[in-house]
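Numbering (this note's numbering) for the sequence shown: -10 to 390.
I should point out that these hints are in silico values taken from the structure, not numbers from a laboratory.
Possibly wrong hints are sitting among the right ones.
In silico DSS-like cross-links for lysine-lysine, where the CA-CA straight-line distance does not exceed 30 Å [said to hold, decoys possible]:
hint, residue 1, residue 2
1, K262, K387
2, K67, K262
3, K63, K204
4, K204, K6
5, K6, K67
6, K262, K386
Between beta-carbon pairs, the in silico distance windows are [said to hold, decoys possible]:
hint, residue 1, residue 2, range
7, V83, K382, 43 to 53 Å
8, K179, G383, 16 to 26 Å
9, I175, R5, 16 to 26 Å
10, L180, L384, 38 to 48 Å
11, V83, G296, 20 to 30 Å
12, F256, K387, 30 to 40 Å
13, S39, I208, 44 to 54 Å
14, F362, P91, 30 to 40 Å
Just so it is clear, CB atoms sit at the ideal spot from N, CA and C, and this is done for glycine as well.
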Amino acid sequence: MQKLFRSYFDSFGGLRKEIWLLSLITLINRAGTMVIPFLSLYLTKSKGFSLEEVGWILTFFGLGSVTGSWLGGKLTDKIGHYRTMALSLILSSVLFVLLQFPSTFWSICIGIYLVMTVADIFRPAVFVSISAYSKPENRTRSVTLIRLAINLGFSAGPAIGGLIIATAGYSGLFWVDGLTCLAAGILLLKLLHPKRAKEEKEDIVLQAKSAMSDKLYLIFILAMMIFGFIFLQYFSTIPLFYADQHHLSELEIGLLLGLNGLTIFLFEMPLIKFMENRSHSVISYVILGTILTGLSFLVINLTSWVGILVVGMLLVTIGEMIAFPFSNSFALTRSDGKKRGSYMALYSIAFSVSHIFGHNSGMQLIDNFGFEFTWNTMLALSIVSCTLLLILKGLLKKEAF
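All chains should be modelled from the sequences, with the hints used to inform the complete structure.
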């Protein structure tokens, strides 16, 4: 047992202090975004919108995410990752608080668009900061530590969020989101010094290639868009499935979603360290993660037993634990010596585009064809994503020779 604990803690060794500080800031920020998993429930139960209307509202969520990711990449290449992150955190703290006040369909669409635009400026910047503050040999584990912070925050967030809804209603979530974003912004300004980053020379960045000219990277981005489309169902349509088909309360849904973050917190870093020492390619691991995510939708169609929801959650969690760190690491490695902001913006945009189509399409599919058909569709899409990644794997082998 002592050897097991030592091995676990050794997996965290060798990371720079700045990566740990960045993880702390990310933890505080993510712990506060507890309104996001409950957004579909908030819009249907508290605001009385139909599933079709919620689907369109969540499309504006995705449009804002695309705008923010694109703008974040531009700002990161122009003013640097540090200023971009600070700007995003402080402005989004105000917008999260204000988001509770709109009540009409179009005012909520505009409010969510603005919140996500400002909030997702943070995403390309934080990815670039990982590369700037980490050593090349520790890059994947640095990404994993940031994800660990995200998921630890997400583990606590939904559980606390469910408790807040049960006691104080939905409005309290927006205040908590705003205050935690503000706290994260203040900590960033106080603790994380930009001079400690290993920035690329300006002339190299200006003359380097952008992501849009890298054809193999664009295949990877398309595969990630489809993967994101599937994965994001766990944060919009799956909570509705838990409530409508299995009659779970908000607190129970929060605890089940919290299982995702807790599992990642306990096992992702040792798992990534173990897998890094194997001879398989990064893309092979992304394929494995995509397969497991697809299987999570297969199993919840097999039986009405409520315990299958835990099995499905564990499958998607393991898939996420593998796919995200290695896909992120591939994007960072591919961007070496190039316009890193544009590469990481495109990586973020892949998931932002998934937000545009994933939530709305999921809602429309459920409304018209039911949950079972929708989950089978997600399984089919996971096969498409895996096929694209297999094609990419073959092309990368040819590129190496």
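Checked against the structure, which of the hints given earlier come out wrong? 2, 4, 8, 11, 13
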